[in-house]
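J.: Quick note, the sequences are listed as chains V and Y, same order. Residues in the first sequence are numbered from 0 upward in steps of one, following numbering that gives the first Met the number 0. Residues in the second sequence are numbered from 0 upward in steps of one, following numbering that gives the first Met the number 0.
One or more hints might be untrue.
Stated by the list, open to error - Using 27 angstroms as the maximum straight-line C-alpha spacing, the simulated BS3-like pairs for lysine-lysine come out as follows:
1) Y:K329 <-> Y:K13
2) Y:K13 <-> Y:K215
3) V:K8 <-> V:K275
4) V:K240 <-> V:K217
5) Y:K329 <-> V:K145
6) V:K240 <-> V:K275
7) V:K186 <-> Y:K175
8) Y:K329 <-> V:K146
9) V:K145 <-> V:K240
As the list claims (entries may be wrong) - Stretch by stretch, here's where chain V covers chain Y in the computed footprint (C-beta under 8 angstroms, at least three residues):
10) 162-173
11) 308-319
Stated by the list, open to error - A few chain V residues that don't get close to chain Y, going by computed Cβ distances all over 12 angstroms:
12) V5
13) K8
14) I26
15) Q47
16) F109
17) S142
18) R153
19) I155
20) T157
21) M169
22) D196
23) P198
24) A231
25) I232
26) A276
Derived by calculation from the structure, the hints in this document are not laboratory data. By construction, the Cβ of each residue, glycine as well, lies at the ideal position given by its N, Cα and C atoms.
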Amino acid sequence: MIQPAVIRKQRVIVLLLLILTAVTIGIGMGLGYSSVSYDRLIPVLLGQGTFKEEFVLFSLRLPRMIITLLAGMALALSGAILQGITRNALADPGIVGINAGAGVAIALFFLFFPVQAGLFIYALPLVAFVGALLTACLIYLFSYSKKTGLQPNRLILTGVGFSMALSGLMIVLISSAERSKVDFIAKWLAGNIWGSDWPFLWALLPWLVILVPFALYKAHALNLLTLHESVAIGIGVSVEKERVILLVTAVALAASAVSVTGGVAFIGLMAPHIAKALIGPRNQLLLPVALLIGGWLLLFADTAGRQLVEPDGIPAGIMVALIGAPYFIWLLLQNK
Amino acid sequence: MEKTYRHSIPFVYKLLAGFLFFLVMFVIAMLFGAADTTIRDVWLAVSSQAAEEKISLIRDLRLPREIAAIFVGAALAIAGAIMQGMTRNPLADPGLLGLTAGAHAALAISLALVPSASSFVLMLACMIGAAAGAALVFGISAGKKGGFSSLRIVLAGVAVSSLLYAIAEGIGLAFKISKDVSMWTAGGLIGTSWSQLQVIVPCITLGILLSLLLSKQLTILSLSEEVAVGLGQKTTRIKILLFFVIIMLTGASVALIGNMTFIGLMVPHIVRTLVGTDYRSILPMSALVGASFMLIADTLGRTVNAPYETPVAAIIAVMGLPFFLFVVRKGGSALS
Numbered sequence: 000m001i002q003p004a005v006i007r008k009q010r011v012i013v014l015l016l017l018i019l020t021a022v023t024i025g026i027g028m029g030l031g032y033s034s035v036s037y038d039r040l041i042p043v044l045l046g047q048g049t050f051k052e053e054f055v056l057f058s059l060r061l062p063r064m065i066i067t068l069l070a071g072m073a074l075a076l077s078g079a080i081l082q083g084i085t086r087n088a089l090a091d092p093g094i095v096g097i098n099a100g101a102g103v104a105i106a107l108f109f110l111f112f113p114v115q116a117g118l119f120i121y122a123l124p125l126v127a128f129v130g131a132l133l134t135a136c137l138i139y140l141f142s143y144s145k146k147t148g149l150q151p152n153r154l155i156l157t158g159v160g161f162s163m164a165l166s167g168l169m170i171v172l173i174s175s176a177e178r179s180k181v182d183f184i185a186k187w188l189a190g191n192i193w194g195s196d197w198p199f200l201w202a203l204l205p206w207l208v209i210l211v212p213f214a215l216y217k218a219h220a221l222n223l224l225t226l227h228e229s230v231a232i233g234i235g236v237s238v239e240k241e242r243v244i245l246l247v248t249a250v251a252l253a254a255s256a257v258s259v260t261g262g263v264a265f266i267g268l269m270a271p272h273i274a275k276a277l278i279g280p281r282n283q284l285l286l287p288v289a290l291l292i293g294g295w296l297l298l299f300a301d302t303a304g305r306q307l308v309e310p311d312g313i314p315a316g317i318m319v320a321l322i323g324a325p326y327f328i329w330l331l332l333q334n335k
Numbered sequence: 000m001e002k003t004y005r006h007s008i009p010f011v012y013k014l015l016a017g018f019l020f021f022l023v024m025f026v027i028a029m030l031f032g033a034a035d036t037t038i039r040d041v042w043l044a045v046s047s048q049a050a051e052e053k054i055s056l057i058r059d060l061r062l063p064r065e066i067a068a069i070f071v072g073a074a075l076a077i078a079g080a081i082m083q084g085m086t087r088n089p090l091a092d093p094g095l096l097g098l099t100a101g102a103h104a105a106l107a108i109s110l111a112l113v114p115s116a117s118s119f120v121l122m123l124a125c126m127i128g129a130a131a132g133a134a135l136v137f138g139i140s141a142g143k144k145g146g147f148s149s150l151r152i153v154l155a156g157v158a159v160s161s162l163l164y165a166i167a168e169g170i171g172l173a174f175k176i177s178k179d180v181s182m183w184t185a186g187g188l189i190g191t192s193w194s195q196l197q198v199i200v201p202c203i204t205l206g207i208l209l210s211l212l213l214s215k216q217l218t219i220l221s222l223s224e225e226v227a228v229g230l231g232q233k234t235t236r237i238k239i240l241l242f243f244v245i246i247m248l249t250g251a252s253v254a255l256i257g258n259m260t261f262i263g264l265m266v267p268h269i270v271r272t273l274v275g276t277d278y279r280s281i282l283p284m285s286a287l288v289g290a291s292f293m294l295i296a297d298t299l300g301r302t303v304n305a306p307y308e309t310p311v312a313a314i315i316a317v318m319g320l321p322f323f324l325f326v327v328r329k330g331g332s333a334l335s
């Protein structure tokens with residue numbers, strides 16, 4: 000039984016976050032290399048802008064912001080699920096190597112399968128998912144022991160190792176590539192939002208439309224998995240099955256996000272934590288809040304990063320790390 | 000003093016075998032590459048003043064490079080061994096624990112502020128950076144009781160490293176020097192010159208000699224804090240000295256070739272299976288094995304994809320993963 004007061008509080012927080020996101024988008028629309036003044040925003044949105052204004056807004060800025068927002072949401076949700084199933088507050092798809100696995104798959108695909116541009120984009124999330132899933136399986140395998148089941152701590156350590164080695168592998172792959180492709184992989188590693196065009200949005204959207212509601216639907220199962228293993232079994236949860244389903248969901252969410260944003264870590268770590276501080280650990284309430292926070296964080300990081308250095312800006316991944324790493328350190332100091 | 004050997008083969012022979020292995024690797028490294036050379040060319044390059052094209056290629060490009068590989072490999076292996084002994088943590092490695100990231104950030108900062116800095120200044124900057132990185136990681140993981148568990152220390156390393164890398168990249172982009180920074184840090188052994196070696200080799204040599212002098216104290220310290228104190232060791236002083244040696248070795252290595260993870264982790268573990276747990280044996284053997292390893296990795300890097308170079312750090316990262324997984328799996332018993 001969830002108290003009505005808590006539900007009301009969650010509604011208010013969700014509303015505030017939505018407003019915050021809308022405001023950020025509004026401000027972000029006017030910022031950038033070629034500016035569109037704020038009093039022109041609404042006419043342009045209503046279709047009364049000049050060609051240049053429409054081009055800047057609809058072809059450059061809006062798709063990028065929407066993609067960033069969605070990717071941030073996916074990463075946050077993925078992080079929340081991972082933290083739940085590993086019972087470790089420090090899990091994040093970037094830290095445990097899932098992002099790097101997706102990255103290696105994308106790099107391989109990019110190097111060895113020269114498909115035409117259109118198909119390439121739609122295959123990306125799928126390729127990323129396969130790579131990330133393989134990595135996740137390996138990590139799971141190495142951190143599973145017959146006697147004690149899944150060991151959350153070992154899972155994270157193994158993941159850190161994989162993340163480093165796979166980033167190394169990506170560099171090995173780069174160096175075997177033509178020079179033009181090198182640039183792409185280097186950008187990917189830095190977490191540059193490179194898929195900032197409408198087709199990328201259409202490639203990403205179906206994944207989220209399926210996965211986000213599914214994850215929210217599974218919130219209750221996630222609550223139970225967060226409990227102690229024996230308690231969860233005692234209540235009658237088929238722990239292993241639920242855990243694998245949720246893990247695959249988390250992997251798919253992270254993979255689809257990083258396939259367009261590049262290696263962005265820490266969003267999946269920060270968003271659930273902030274959400275938990277706001278609304279408490281109940282996943283039914285927590286997940287939507289974490290989702291919105293994650294989306295806003297990445298959007299904010301990218302929008303701010305774009306302004307800092309002309310003309311390319313600082314990649315979102317680096318901006319997020321600048322904010323996220325100190326947060327992570329602070330968490331480490333809090334944790335026992 | 001009577002010495003008793005646990006193993007049937009005396010240590011001297013093992014060291015000799017290690018040295019032979021190292022020599023073979025050195026010759027192989029000198030022979031293979033984008034341009035294959037003969038043993039006669041190598042000999043002439045080392046022993047005579049002849050100035051044929053191939054011979055001067057060896058003398059000006061390959062020889063300094065391999066010398067750098069040898070010293071950096073030895074330095075990082077010894078630094079890793081000391082760290083593992085000091086912290087009694089099998090996962091300690093200069094790359095994992097934020098030292099190389101700190102040096103990297105310091106390098107970026109000094110290149111941004113003083114673009115014309117000499118090798119010596121950069122090396123000093125790297126050492127200061129390495130010290131700062133290590134201090135952060137140790138500070139964070141010692142912040143709470145029971146701080147030095149593998150998980151906490153590795154996670155603190157990850158957090159600090161991501162932060163410092165992000166800072167380095169941000170500075171690189173903001174001051175438009177990211178090419179220079181990555182030339183230093185991602186270039187690996189490419190373009191090592193004699194003038195760089197003149198600064199860095201003496202420093203690494205000094206560090207290695209100091210570490211050998213301290214190896215007996217390190218063995219005592221690696222048993223346990225209480226034993227060391229009980230045997231009359233001034234543990235704080237020894238720890239500070241050892242820390243100083245680590246910083247010297249790592250800082251100089253990063254100044255020469257950039258980031259390198261896992262070699263300091265792998266080598267001491269391999270060496271322990273060969274010579275046991277006495278650091279008087281581990282340190283010299285680590286130097287030989289580390290140098291050989293680096294030569295192998297560099298030869299691979301130059302030949303796998305000739306004429307392109309595969310960064311040696313990436314190769315080491317991929318080779319290191321199995322060891323990392325092995326150590327994680329074995330847990331604390333990996334040190335004995």
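J.: Need the list of violated hint numbers for this structure, in ascending order.
T.: 17, 18, 19, 20, 21
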